[in-house]
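Participant: Sequence:
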Amino acid sequence: MYSSMNDCSFLQTIGQTTSQNTGQTTSQNAGLDNRQTIVRILVRIQAKLVKQQVEMQVKYSSNTLVKHWSNTSQNTRQIGSNAGQNNSQTTSQNAGLDNRQTTGQNAG
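UniProt numbering applies: residue 1 is where the sequence shown begins, and numbers increase by one.
For the record, the hints were derived by calculation from the structure and aren't laboratory data. Every value quoted in this text rests on a predicted model; they were computed, and no experiment measured them. Some clues are possibly wrong.
What the hints assert, rightly or not - Cut-off 30 Å, straight-line C-alpha distance, at most; resulting in silico cross-link-like pairs (DSSO-like, lysine-lysine):
1) Lys51 <-> Lys67
2) Lys67 <-> Lys48
3) Lys59 <-> Lys48
Claimed, not checked - Listed next, with one range per pair, are the computed distances between beta-carbon atoms:
4) Thr37 <-> Trp69: 45 to 51 Å
5) Val58 <-> Ser27: 42 to 48 Å
6) Gln36 <-> Ser73: 52 to 58 Å
7) Ser9 <-> Ile38: 41 to 47 Å
8) Ile38 <-> Val58: 28 to 34 Å
9) Gln57 <-> Ile79: 30 to 36 Å
10) Asn29 <-> Thr64: 51 to 57 Å
11) Thr103 <-> Lys67: 50 to 56 Å
12) Arg40 <-> Cys8: 45 to 51 Å
13) Arg40 <-> Ser9: 43 to 49 Å
14) Leu97 <-> Thr64: 44 to 50 Å
15) Gly15 <-> Gln36: 28 to 34 Å
From the three backbone atoms N, C-alpha and C, an ideal C-beta is built for every residue, glycine too.
Whenever a hint applies, use it, and build me the whole structure from the sequences.
Facilitator: Shown next, in the form of structure tokens:
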């Protein structure tokens, strides 16, 4: 009788200890799982933010390049137009000068 009471008490102690250990382990694992999940979510968010930032930089760089090349093209066309006008004026003035010289010589 006495030994069976001791056995019962011993089994009860083992049961309580096992239950406490199980509860602690379950709680710790749940906390660890939550932390891991949160870390995964944060990593995904960070990756998305980095991707958006890179896309914005590429878009901005692309727009800047397009504007730069557009300005360069306009400047080139303007320079070409000015050069054409200058050539035309010089040719016309030279032709007029040649005509006057020829006329003067022939008259003389």
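Participant: State for each hint whether it applies.
Facilitator: Hints, verified against the model:
Distance check on the hinted pair: lysine 51 and lysine 67 sit about 24 Å apart at the alpha-carbon level, within 30 Å; holds. Simply put, lysine 67 and lysine 48 have alpha-carbon atoms about 29 Å apart, close enough for the 30 Å limit, and the pair holds. A threshold of 30 Å between alpha carbons decides the hint, and for lysine 59 with lysine 48 the separation of about 16 Å falls inside it, so the pair holds. Roughly 48 Å separates the CB atoms of threonine 37 and tryptophan 69, a value that falls within the hinted 45 to 51 Å.
For the hinted restraint 42 to 48 Å between valine 58 and serine 27, the CB-CB distance of approximately 47 Å keeps it satisfied. Between glutamine 36 and serine 73 the beta carbons are some 55 Å apart, a value that agrees with the proposed interval 52 to 58 Å. In this structure the supplied range 41 to 47 Å holds for serine 9 paired with isoleucine 38, their Cβ-Cβ distance being about 43 Å. A hinted range of 28 to 34 Å for the beta carbons of isoleucine 38 and valine 58 is consistent with their spacing of about 31 Å.
For the pair glutamine 57 and isoleucine 79, the beta carbons lie near 32 Å from each other, so the given range of 30 to 36 Å is met. Taking 51 to 57 Å as the suggested C-beta distance range, the pair asparagine 29 and threonine 64 conforms, at roughly 52 Å. A hinted range of 50 to 56 Å holds for the C-beta pair threonine 103 and lysine 67, which are about 54 Å apart. Evaluation of the 45 to 51 Å hint for arginine 40 and cysteine 8 yields a pass: the beta carbon distance comes to about 47 Å.
Against the hinted window of 43 to 49 Å, the Cβ-Cβ separation of arginine 40 and serine 9 comes to about 46 Å, which satisfies the hint. Between leucine 97 and threonine 64 the C-beta distance comes to about 49 Å, which sits within the given range of 44 to 50 Å. Checked against the hint of 28 to 34 Å, the pair glycine 15 and glutamine 36 passes, with Cβ atoms roughly 31 Å apart.
In summary, this structure violates none of the numbered hints.
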